[in-house]
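K.L.:
Note that the protein sequences, when read in sequence, are chains A and B.
The numbering used here puts the first residue of the first sequence at -6, with every later residue one more than the last.
The numbering used here puts the first residue of the second sequence at 16, with every later residue one more than the last.
Check the hints yourself; a few may be wrong.
Unchecked claim - Stretch-level coverage of chain B by chain A, calculated; a stretch enters the list once three of its residues show a Cβ under 8 Å from a Cβ in chain A: (1) 56 to 68; (2) 81 to 91.
Unchecked claim - In silico EDC-like pairs for lysine to aspartate or glutamate, Cα to Cα no more than 16 Å straight-line: (3) K131(A) with E218(A); (4) K127(A) with D35(B); (5) K110(B) with D98(A); (6) K222(B) with E315(B); (7) K55(B) with E25(B); (8) K18(A) with D82(A); (9) K243(B) with E274(B); (10) K131(A) with D162(A); (11) K55(B) with D43(B); (12) K127(A) with E59(B); (13) K243(B) with E191(B); (14) K324(B) with E251(B); (15) K36(B) with E129(A); (16) K36(B) with E59(B); (17) K160(A) with E59(B).
As the list claims (entries may be wrong) - Non-contacting residues of chain B with respect to chain A, defined by C-beta distances greater than 10 Å in every case (computed): (18) I17; (19) P181; (20) T202; (21) D203; (22) I228; (23) G266; (24) A273; (25) N279; (26) A299; (27) K304; (28) E311.
In short, the hints are calculated from the structure, not lab data.
Just so it is clear, CB atoms sit at the ideal spot from N, CA and C, and this is done for glycine as well.
As a plain string of letters, each chain reads:
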Amino acid sequence: MKEKIAELEEKARRLRVAIVKTLHKSQSGHTGGSLSAIDMVCALYFHKMRHNPQDPAWDGRDRFVLSKGHAAPALYVTLAEAGYFPAEDLMMLRRLGSHLQGHPDSKGTPGVDVCTGSLGQGLSMANGMALGLKLEGKPNRVYAVLGDGELQEGQVWEAAMAAAHYKSDNLCALIDSNRLQIDGFVEKVMNVGDIAAKFRAFGWNVIEIDGHDMGAIVAALDAAESHKGAPTAIVAATVKGKGVHLFENKAAYHGVTPNDQELPEALKCLGCFD
Amino acid sequence: MIATRDAYGETLAELGAENDKIVALDADLSGSTKTGVFAKKFPERFFNCGIAEANMVGTAAGLAAVGKIPFLSTFAIFAAGRGWEQIRQSVAYPKANVKIVATHGGVTVGEDGGSHQSVEDVAIMRAIPNMTVIVPADGEETKAAIRAVAAYKGPVYVRLGRNKVPNVFPAGHTFEIGKGNQVVDGTDLTFITTGLMTAAAVTAAEKLKAEGISARVVHLGTIKPLDKELVLQAAEETGAIITAEEHSVVGGLGGAVAEFLAENCPTLMKRVGVYDRFGTSGKADELLKYFGLNAETLIEEAREILSRKK
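Chain A extracted, bound-state conformation (with noise of 0.2 Å):
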């Protein structure tokens, strides 16, 4: 288990890598949520998923719905690595006629399966097929990552209410609270409080968690898994921008990508010299 936490803290470093090149060569995009998310998207398609890069559409796979769809990057460096379409496709990030589009568009890119960016949304769209898996009598799994500045649109709320009445024990919602959105800290633009009462409140089985500890992201989403009878969300701490320091905690990195000047520091931070 050592050797296969070790594994997958590589992949993620690897993964920020890639994010952080992928997002100076585009210069747009959505950098400190993506590098906030990046470790937890990393243990659920190394670790946990089922699913088969070489047939996206595969019957058998678990489901991923990234709520928080500005954090794209994460999810787009993630596919390429696992092989769903070649790494070079990265570099045409938001670029006209790209099938990586600034927000998750399922209509082009091989692995993603709906359609997000409109904040709010996922976590409906998650319980929809976890329902819709169990009604076929399946055993597979729907994830939704979403940020804690997201839990401020009351759609996520009805979500939680209805998981929770449907007892959609084959969804899990984990929380990417790196405390940060666009206007600044989420406590002070709108403290959505408590964010694990809150679950909990609404019937959630909830696991608090380091967001950035590999051996906790992993043990939690086994836990979630074998938890019977309610939805599980894991509220995991993180910090946005997390790996380069220059745009840890920040929240003007929300949607600003590495300059030319930024780019050297922040792949040395990362263990890259290339």
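For chain A, the structure is supplied; the task is to place chain B on it using the hints.
P.N.:
Chain B only, in chain A's frame:
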């Protein structure tokens, strides 16, 4: 006479027996929208989402993403209004196979008043790319349309009504998405109508005949995509078009026909509908009269447009 919502409930339950991929969702109005008929027969395939339309739309999108054919229903004002951006992002943008069947469209909602009378839903649904918009004239067309909608792959908005409406089409009527029907032949002018206004136009055409006026009636059960061929033919052959709908004249059937004809065959036109105002409480038949949504108005407008034609 049957309400289109009753025809929907019956047909949805039949489809449920024929295809186990069909699921239904409602937002605490299953008794009124008639998804309750399906719910009673197939409780495991029915999801009451409570009074939370945004989540209902997303849930339907998720069900579609795993291969189900979800029909979601609530009143038109809530389906199209509260769910608009969710329909845009989670349903239409990915071309999800979600069927939005909204009941209680228009002013015939009646006593509940302006808060509940949707006169904008066709316009705002029509504005969304990938969306198909259907407004049946009667129960028979509704039955056929719901079957066509279930067979079609992609997002659809169907607008139904609360009250019993006269039959325009015979039993066994077939429905093709995007194709209208010439219900009455005529040469002097054409009523292009949808929903319950088609029956009114048929009555108007009969009365006008006694005056020596030959009015054609073209029913468009699909507002989007528009049956351009049928509209163009009516414009070219009769030279005067009166549209009629239980909806705002902004952006609905009248808007769609006017947009198309302005660019392709400028024709004398009059839009009959609700003139940029909200509904109000009253009995359905009183309201139809109050808003001028009846055969009498169509007859007056026919005389008026023919006076301009000369």
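K.L.:
Test the statement that G266(B) is away from the interface with chain A: the closest C-beta pair must be farther apart than 10 Å.
P.N.:
The assertion about G266(B) holds, with a minimum of 22 Å to chain A.
K.L.:
Please verify that the nearest CB of chain A lies beyond 10 Å from D203(B)'s CB.
P.N.:
At roughly 47 Å from the nearest Cβ of chain A, D203(B) sits farther out than 10 Å, so the non-interface label holds.
K.L.:
Grab the minimum beta-carbon distance between P181(B) and chain A and tell me whether it stays above 10 Å.
P.N.:
Answer for P181(B): holds, closest chain A Cβ roughly 38 Å.
K.L.:
For the pair supplied as a hint, K131(A) and D162(A), confirm whether the alpha-carbon distance does not exceed 16 Å.
P.N.:
This hinted pair holds, its Cα atoms lying about 12 Å apart.
K.L.:
Checking one constraint from the list: CA of K36(B) to CA of E59(B), max 16 Å. Satisfied?
P.N.:
holds, 12 Å
K.L.:
Do the alpha carbons of K324(B) and E251(B) lie within 16 Å of each other, as the hint requires?
P.N.:
The hint holds at about 13 Å.
K.L.:
Can you confirm whether the C-alpha distance between K55(B) and E25(B) stays at or below 16 Å?
P.N.:
At roughly 12 Å apart (the allowed maximum being 16 Å), E25(B) and K55(B) satisfy the hint.
K.L.:
CA of K243(B) to CA of E191(B), is that 16 Å or under?
P.N.:
holds, 14 Å
K.L.:
Measuring Cβ to Cβ, find out whether I228(B) lies farther than 10 Å from everything in chain A.
P.N.:
At about 50 Å from chain A, I228(B) clears the 10 Å cut-off, so the statement holds.
K.L.:
Compare the distance between the alpha carbons of K222(B) and E315(B) with 16 Å, and conclude whether the hinted pair is satisfied.
P.N.:
holds, 11 Å
K.L.:
For T202(B), is the shortest beta carbon distance to chain A beyond 10 Å?
P.N.:
holds, 46 Å
K.L.:
Beyond 10 Å from every chain A Cβ: check whether that's true for K304(B).
P.N.:
Nearest chain A Cβ is 40 Å from K304(B), so the label holds.
The structure fails none of the hints (numbered hints given earlier).
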